[in-house]
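Per numbering that gives the first Met the number 0, the sequence shown starts with residue 0, numbered consecutively.
Hints may be right or wrong, so weigh each one.
[As the list claims (entries may be wrong)] Restricting the straight-line Cα-Cα distance to at most 27 Å, the calculated cross-link-like pairs of lysine-lysine (DSS-like) are: (1) Lys169 / Lys179; (2) Lys316 / Lys337; (3) Lys317 / Lys337; (4) Lys394 / Lys143; (5) Lys196 / Lys169.
Hint data in this document are derived by calculation from the structure and do not stem from the laboratory.
Predicted model only: the values in this text are computed from it and were never measured.
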Amino acid sequence: MNSFISHARRRMCTVIVSSVLLFISPTAISKTITLEQAARLTLRQHPDLQRYQSLLTATEADRTLANLTPAYHVGVEAENLLGSGDASGISDAELTVSLSSVFEMGGKLDARVSLVDANLSLLQSERYVASLKLLSELTRQYVKTLAAKERLTLAQTSVSLADEALSIVKQRVEKGATNKAEFLRARAALNQARVDKASAETALAIAKQSLALFWQGDAEAIDKISGSLSTLPAKRQYSAVYQQFLESANVERLTQAISVKEAEQKLVESNASADISWRIGVRRSQAVQDTSVVAAVSMPLFAEQRNQGATQAALAKKEAAVIARDSQILEIKALLFKAQQYLNFTIDAVKHINDTVLPDLETATTLVLEGYQRGAYSYQDWIASRDALIRARAKVIELSESALVNQSLVEQWTGVSGQASPTQEFRNNHE
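With these hints in hand, go ahead and build the complete structure from the sequences.
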């Protein structure tokens, strides 16, 4: 079994699927999918991640546009021609050829570029966090598929036990040691166990298909799912988990959203400085056969006062972004507390059932079966003991599934250190 996958990341703590990778079998056979293989396929083929490349390309193009200086304009102006009287011809015409543009004031170009850079950083962070979220969802589905496989195994065991019980009851009926009603109950129990097995097979098929959809695949290509639910992570203190969240890529993404609003505010503030429009050219006067230089400069008045509303709006939007970040952090804090508490509880519960409940039920079931064959216990005593054992094993599967689902949720929001993961190539390309 491999241990959990995830790495230390200096700027963005990775979450991914670390804990559940302990299930991966190093001897996987053909058509056996591992979590590592599923993660690689998902990163490469899921459309939610593929769309970010187009968005990044568009943002890079926006940066090129933002870095442009004001355009130069060439103008030609003709006066006093093709009129009436003395101005009927072109003898008194005046022709002006000019070049004009704008001097941007207040650092508008730098502000535009800074805004695009902030949006680019936010988009890159969102892509990284989206990959963590997607892989966390993949991990949860992988765990659910493993649980479906375990439930099918338990259902098969239940069928075997019910079949064995029917044989024992049949022998006792033939010997006259019990009545036919017990045989009918045993046969009904076997048929019910077969229905439960068919239901478990259907649930596993659905789980496999849901898993394969992460990489746009098909369940028919999956023969086996590598791994089991038998090994759970260690318990952790919530305070340590929350501290990891505060240092994670998720908080960085929330902070970068504020940085975008700050960049927008600076761009709006730069508009308080009025731009200077200028024009310079050469004028030819046909009447006197003279050439002269013409120049003009203009700028709007009261630009700062006219920009006050936009400045106040930008400041309010930044403050709203800060409040939204704090609100989201509170929501995630509550989510992490709940997930970690459930995780710690299920770890203890699974250990308790495995160490104390199952051994007692297994021993009791064996003793009741022996007693039933001697006539010391009734058929109902035997069935009740057997069903209690099956329910306890089903509870272990349920609790183990819950533990690993909560673990993947915790890791999605926090990130943990660990050995190399299937996301290494993705991180190298996008950090």
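How the hints compare with the structure:
1. Lys169 / Lys179: holds, 8 Å
2. Lys316 / Lys337: Between lysine 316 and lysine 337 the Cα gap is close to 32 Å, so the pair fails against 27 Å, i.e. violated.
3. Lys317 / Lys337: violated, 31 Å
4. Lys394 / Lys143: holds, 14 Å
5. Lys196 / Lys169: Holds: lysine 196 and lysine 169 sit about 23 Å apart, inside 27 Å.
Hint compliance for this structure: hints 2 and 3 are broken, all remaining hints hold.
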